[in-house]
Amino acid sequence: MEDELQPVNDGEIVFRRIPQSFCDPDLPFPIPALAFRPNQNDKTGISVFRARFISAGETLAGVDANKRNTYFVAQLAVSDLIGLG
Amino acid sequence: MALTMELSVPKQDWLDQAGRRHTNGDVEHDGADEKTEELYAQRWQEILQEIDGFRKLGDNWDGLGANAPSNDLLDSAIGLARLYWGREMVPPIRVLAGTAGTVVFEWQDTVGDYGEVEIDRPFHADVMLVRPGQPGKHWELPDA
Numbered sequence: 001m002e003d004e005l006q007p008v009n010d011g012e013i014v015f016r017r018i019p020q021s022f023c024d025p026d027l028p029f030p031i032p033a034l035a036f037r038p039n040q041n042d043k044t045g046i047s048v049f050r051a052r053f054i055s056a057g058e059t060l061a062g063v064d065a066n067k068r069n070t071y072f073v074a075q076l077a078v079s080d081l082i083g084l085g
Numbered sequence: 001m002a003l004t005m006e007l008s009v010p011k012q013d014w015l016d017q018a019g020r021r022h023t024n025g026d027v028e029h030d031g032a033d034e035k036t037e038e039l040y041a042q043r044w045q046e047i048l049q050e051i052d053g054f055r056k057l058g059d060n061w062d063g064l065g066a067n068a069p070s071n072d073l074l075d076s077a078i079g080l081a082r083l084y085w086g087r088e089m090v091p092p093i094r095v096l097a098g099t100a101g102t103v104v105f106e107w108q109d110t111v112g113d114y115g116e117v118e119i120d121r122p123f124h125a126d127v128m129l130v131r132p133g134q135p136g137k138h139w140e141l142p143d144a
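Chains A and B, in that order, are what the protein sequence lines are.
Residue 65 in my numbering is what sits at position 65 of the first sequence, and the numbering runs on without skipping anything.
Residue 120 in my numbering is what sits at position 120 of the second sequence, and the numbering runs on without skipping anything.
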């Protein structure tokens, strides 16, 4: 039986919520590094959601209802994150 | 971008540029704009106004508990922008309010250079500069 306490493996996908105001598709780097920095709620690193356990849309459940449509959800490969060191 | 970004930012220079405001409430630069190309000057002015506009952000502006930037931090950000403008630095490609109550200036170019200055408290900033094929550089401001 799967549970979220299982170690993350390289083949997994994770989600990160990103305010739409941070994104500009016309720029060479549309999403700033700021979007991947620990926020006011992140005490031990940046928070991501494991796609094995939650859908992209469900990650927005914790956002105030009137703000949910102001977010994008980025999909990241764990292998890429590990590759960054 | 990179060369001017790496110039020293002495604390006194930064302090000198912060907190100046016209009586009508407008934030304005007055100094080196005669030497600055009109396009850059216009963009720097927009940057100052955008930073000033962050004063309207309240806490929880992101729906996830974000902190609003303090007025002192915004004054600092405006001061640093004035300092950079006075040095005829290329204006940031964008300026953002971070969810931790910070203000971020961001530079990008088409060859892959990426620079960022994050003012995280009054008169303090973390700088990151990444160039393709080179290790990223990180330092703090003021640095003198």
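If you are wondering where the hints come from, they were derived from the structure by calculation, not from laboratory data.
None of the values given here were measured: they were computed from a predicted structure.
Here a beta-carbon is modelled for each residue, glycine too, at the ideal position from N, C-alpha and C.
Treat the hints with care, as some may be off.
Unchecked claim - Example chain A residues on the side facing chain B (calculated, C-beta under 8 Å, incomplete):
no.: 1; residue: Ile18
no.: 2; residue: Pro19
no.: 3; residue: Cys23
no.: 4; residue: Leu27
no.: 5; residue: Phe36
no.: 6; residue: Asp64
no.: 7; residue: Gly83
Q: Find the hints from earlier in the document that the structure breaks and name them by number, from lowest to highest.
A: 1, 3, 5, 7
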